[in-house]
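Taking the hints into account, I'd like the entire structure generated from these sequences.
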Amino acid sequence: MTDLAAWTCPLPLRDYPCVTIAHGGGGQLGADLVNHLFLPAFGAPAAGAELTDAAVIEPGNEKLAFTTDSYVVQPLFFPGSDIGAMSVNGTVNDLAMVGAVPLALSTAFVLEEGLEMATLHAIALSMGRAAANAGVRLVTGDTKVVDAGHGDGVYITTTGIGVIPPGVTISPDRAGAGDHVIVSGPVGQHGIAVLSKREGLDFGTTIESDCAPLADAVASIIATGTDVHVLRDLTRGGLLAGLCELAEAGSVGVKVDESLIPVPDAVMAACRFLGLDPLSVANEGTFVAFVAPADSDRVLEALHARPESRGAAVIGEVVSDHQGIVIGRTKLGGTRVLSRPLGEQLPRIC
Amino acid sequence: MRFVDEFSDPGLAANLLRTIEDIATQPWRIMEVCGGQTHTIISNGIDQLLPAHVTLVHGPGCPVCVTPLEMIDRALAIAAMTDVIFCSFGDMLRVPGTNSDLYKVRAGGGDVRVVYSPLDAVTIAEQNPDNHVVFFGVGFETTAPANAMAVRAAQQRGIKNFSVLISHVLVPPAIEAIMSAPERRVDAFLAAGHVCAVMGTTTYQALADTHQIPIVVTGFEALDVLDGIRRCVRQLEGGRFTVENAYSRVVQSDGNTIAQDLLHDMFEVTDRPWRGIGTIPSSGWRLREEYASFDAERRFGVGHITAEESPLCRAGEVLQGFIKPTECEAFGTTCTPRTPLGAPMVSTEGACAAYHHRGTVAQDAAR
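Those sequence lines, one after another, are chains A and B.
Quick note: the first sequence uses this note's numbering, first residue 1, plus one each step.
Quick note: the second sequence uses this note's numbering, first residue 1, plus one each step.
No lab work stands behind these hints, which were simulated from the structure alone.
Even glycine gets a Cβ: it sits at the ideal position worked out from N, Cα and C.
A few of these clues could be false.
What the hints assert, rightly or not - To give a feel for the contact side, a few chain A residues facing chain B, derived at Cβ under 10 Å:
| # | residue |
| --- | --- |
| 1 | Ala118 |
| 2 | His121 |
| 3 | His150 |
| 4 | Gly275 |
| 5 | Leu332 |
| 6 | Val337 |
Stated by the list, open to error - If we take Cβ atoms under 8 Å as the criterion, some of the chain A residues that face chain B in the derived model are:
| # | residue |
| --- | --- |
| 7 | Val19 |
| 8 | Thr20 |
| 9 | Ala22 |
| 10 | Thr68 |
| 11 | Tyr71 |
| 12 | Thr330 |
The structure is reproduced here in structure tokens:
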């Protein structure tokens with residue numbers, strides 16, 4: 001029996017005696033779960049755990065990046081990608097966000113009784129292609145089967161390990177006032193691609209997921225000699241969740257100019273139709289980087305040379321005031337606080 | 001026209017703002033009735049771009065905010081029942097009832113689903129004949145036709161395991177209540193364009209005449225809202241008060257008569273409690289007796305459930321423009337976006353939540 005009163009910061013969690021779907025939405029509630037349930041419960045063994053995309057461990061002279069992620073997307077196949085490629089690219093990207101060159105991944109499957117073998121085969125083929133494309137090996141794995149009705153076809157967990165080049169230190173606490181905030185490409189495509197397929201919505205054009213490995217794009221920035229301060233993979237919760245987490249973790253303010261944020265017309269139209277904010281919609285192949293202003297031109301040049309980051313743009317800067325808060329300059333010239341959704345984004349009635 | 005960003009063009013917006021600046025010589029308080037317009041105002045920062053003496057007051061037009069606590073509790077009671085599939089628009093899921101919300105009901109084993117249309121709920125009912133499917137039909141005149149359509153569709157397709165929990169409210173009685181209150185602090189209204197698209201604009205002329213207030217039927221894009229404000233100010237400065245249609249690309253004076261016929265056939269006017277405001281006479285719709293089998297409230301016998309609002313919450317006064325959120329004692333102390341006492345603190349565009357975020361920034365900047 002959990003002693004609710006003993007929790008370190010019981011206020012938000014006491015309101016939720018059960019896990020709700022919102023706890024998995026990449027928003028504030030998920031962060032609460034980590035900070036107020038997992039870390040205190042893990043105790044000393046979790047001391048020093050950093051809430052970055054990947055942990056950095058130093059067993060000897062080398063710095064290794066280590067990360068894990070589970071993939072539970074529905075539908076399993078969607079425009080531009082599928083759960084298989086996502087499970088490889090997502091973990092590769094988490095490694096890349098600390099500057100690591102990905103080495104190897106493990107793959108664990110939870111399969112639901114009754115899943116068609118052809119579907120599983122297609123997913124496995126996609127994982128093989130994605131791994132080859134990302135230059136990472138799939139070296140170990142596990143398979144479990146649960147009773148029909150106890151899973152959603154396939155859940156995949158991948159764990160990755162990579163090597164961080166000497167001299168590279170990328171972490172939210174390196175964010176400094178004046179840093180340029182660069183986004184690697186247009187935002188919102190993955191979430192809308194998945195949603196439109198799941199809900200059977202036709203927007204007259206197919207919006208494809210941006211699912212892609214980002215390790216080469218990151219390596220190309222590092223190769224310019226730029227001292228990259230911060231990187232963040234923009235997945236659940238989208239650009240806003242990423243920026244808000246970085247502002248909090250780095251104890252800095254972030255200012256973005258909304259007119260500079262690349263949002264494809266089709267994504268914008270779909271979001272307006274559905275009552276969603278494209279800045280909070282999930283991505284699977286887009287990241288933000290904080291770099292010194294003097295480095296920003298060559299970083300953009302390196303990113304523009306690669307297909308997965310051709311749409312990279314400077315969207316704002318890091319500031320020393322309003323710590324932990326992201327402020328947007330609206331297209332009309334007003335300002336607003338850009339807060340991350342509490343849990344999953346909820347479509348508005350009107 | 002691509003209808004993506006033409007109606008939020010920064011250059012045209014700047015022109016409209018200059019015009020408003022030029023013509024507004026006195027302090028004016030303009031209430032936007034609809035939550036969708038509040039969203040446009042906050043997300044574009046329009047309230048900060050206006051001259052300081054033109055103030056926007058956020059009105060009671062957010063269905064999430066005004067659905068009464070007892071109706072949320074009734075929804076929660078039904079959603080927790082075995083064999084019920086409870087369907088709702090997404091943003092009702094986190095609205096707190098007395099002790100719970102739909103998220104918690106779902107986590108406790110309730111089958112709660114987000115749908116984009118009430119007709120989706122009818123289809124779910126057809127596909128799940130052993131379950132009873134309930135759609136949470138909240139909202140203003142805008143959402144009512146689709147809910148009426150869903151009942152009609154279920155009736156025509158012989159689907160018996162479908163019902164709606166209706167909590168419809170109407171805009172004109174709310175404007176009447178706000179203007180009749182002794183604390184009245186509103187000089188003009190932006191009427192909700194999509195409500196008028198259904199109901200037409202003629203009912204608003206009587207309100208404008210009686211209370212001598214300008215009412216401008218306004219759309220939902222940034223330029224629509226700015227044009228609505230400009231027209232309000234122009235009338236106020238000229239001492240005029242009439243109904244203007246600034247949303248003629250969508251709204252006709254007669255409205256959508258086909259939808260109106262359907263609504264009159266299916267619904268009858270009833271008194272409705274508004275969250276935080278209290279009961280407003282003849283301010284809502286309920287299903288007529290002949291459609292009782294589609295009325296979840298009667299079908300599940302939850303009509304007896306009543307609820308007490310938190311005595312600390314002054315959301316009703318906020319929603320009527322009597323006080324600013326910051327004037328409420330609970331604001332930022334017992335009531336925050338994480339622990340909302342009232343619905344305006346729930347969604348990011350709720351008036352209280354919007355002020356809460358801005359306050360955080362102001363304090364931080366001051367430090």
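Notebook entry, point to check: Can you give the numbers of the hints that this structure goes against, from lowest to highest?
Noted result: 1, 2, 3, 10 and 11
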